[in-house]
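Participant: Listed here are the chains, written in short residue letters.
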Amino acid sequence: DSGVTQTPKHLITATGQRVTLRCSPRSGDLSVYWYQQSLDQGLQFLIQYYNGEERAKGNILERFSAQQFPDLHSELNLSSLELGDSALYFCASSAHLGGEETQYFGPGTRLLVL
Amino acid sequence: LAKTTQPISMDSYEGQEVNITCSHNNIATNDYITWYQQFPSQGPRFIIQGYKTKVTNEVASLFIPADRKSSTLSLPRVSLSDTAVYYCLVGDGGSSASKIIFGSGTRLSIRP
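As given, the protein sequences belong to chains A and B, one line each in that order.
Just so you know, we're using our numbering here: the first sequence kicks off at -11 and counts up by one.
Just so you know, we're using our numbering here: the second sequence kicks off at 2 and counts up by one.
Derived by calculation from the structure, the hints in this document are not laboratory data.
Remember, predicted model here, so these are calculated numbers, not experimental data.
A virtual CB, placed ideally from N, CA and C, is assigned to each residue, including glycine.
Do not rely on the hints blindly, as some may be mistaken.
Stated by the list, open to error - Derived coverage of chain B by chain A (criterion: at least 3 residues anywhere in the stretch with Cβ under 8 Å from a Cβ of chain A; other residues may be distant):
(1) 12 to 23
(2) 44 to 52
Stated by the list, open to error - Label-pair ranges, simulated between beta-carbon atoms:
(3) A:ASP(-11) / B:SER80: 29 to 39 Å
(4) B:MET11 / A:THR1: 35 to 45 Å
(5) A:SER67 / B:GLN43: 23 to 33 Å
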């Protein structure tokens, strides 16, 4: 158990809909990362937040947005969903910033868009 | 940004030592090299991290040559449970607004 929690574990929805994925980082971790992993694909970095502020942006679509709240939990919002958005979405956290920081991953949310 | 290149897949047998090499020709001065292990439908798990030379922990060793343009993850005496995808990640932990690239990983299959 990494200490990172994600809800829901599974999510089934229809095209055009909007969903919110939630992540609670390890206690004390200030940095949260979001990743997308499609079937048999590698991890695609989406976005990172540190202590409530956006720090780095990867291949995140304009239909997707995220935020980190004062209690440090984070939400990833996916809107106007398409079939291709079906994937595993992982959240990870690390204590601070810096090259030596390692990321602790949550169990993921499996999203299926029908 | 430092892109990584790894073999797509590797096969080995129980009890053997497995070495997985990752190329990162454009590694920056502030970049660390981190390896993660991922089982199907689970989040990646940290294995080992290094900056230069050699690092060893209870799970693996990481060899980094002086030019830091590559690194080798060494798994001693593998077992069936080591069958997983292994990712090499090069980055500065997000201390600057840099992209984080995991790459496609190496799918390691261990046979009895």
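Participant: Work down the list of hints and note, for each, if the structure agrees.
Facilitator: Verification of the supplied hints:
1. Counting residues of the segment 12 to 23 of chain B whose CB lies closer than 8 Å to any CB of chain A gives 0, so the stated coverage by that chain is violated, three being the minimum.
2. For a cut-off of 8 Å, the count of residues in the segment 44 to 52 of chain B with a CB near a CB of chain A stands at 6, and the three-residue condition holds.
3. Between ASP(-11) (chain A) and SER80 (chain B) the Cβ separation comes to about 22 Å, which falls outside the hinted range of 29 to 39 Å.
4. Evaluation of the 35 to 45 Å hint for MET11 (chain B) and THR1 (chain A) yields a pass: the beta carbon distance comes to about 37 Å.
5. Checking the proposed 23 to 33 Å range against SER67 (chain A) and GLN43 (chain B) shows it holds: the Cβ atoms sit about 27 Å from each other.
Going through the hint list in order, the structure does not satisfy hints 1 and 3.
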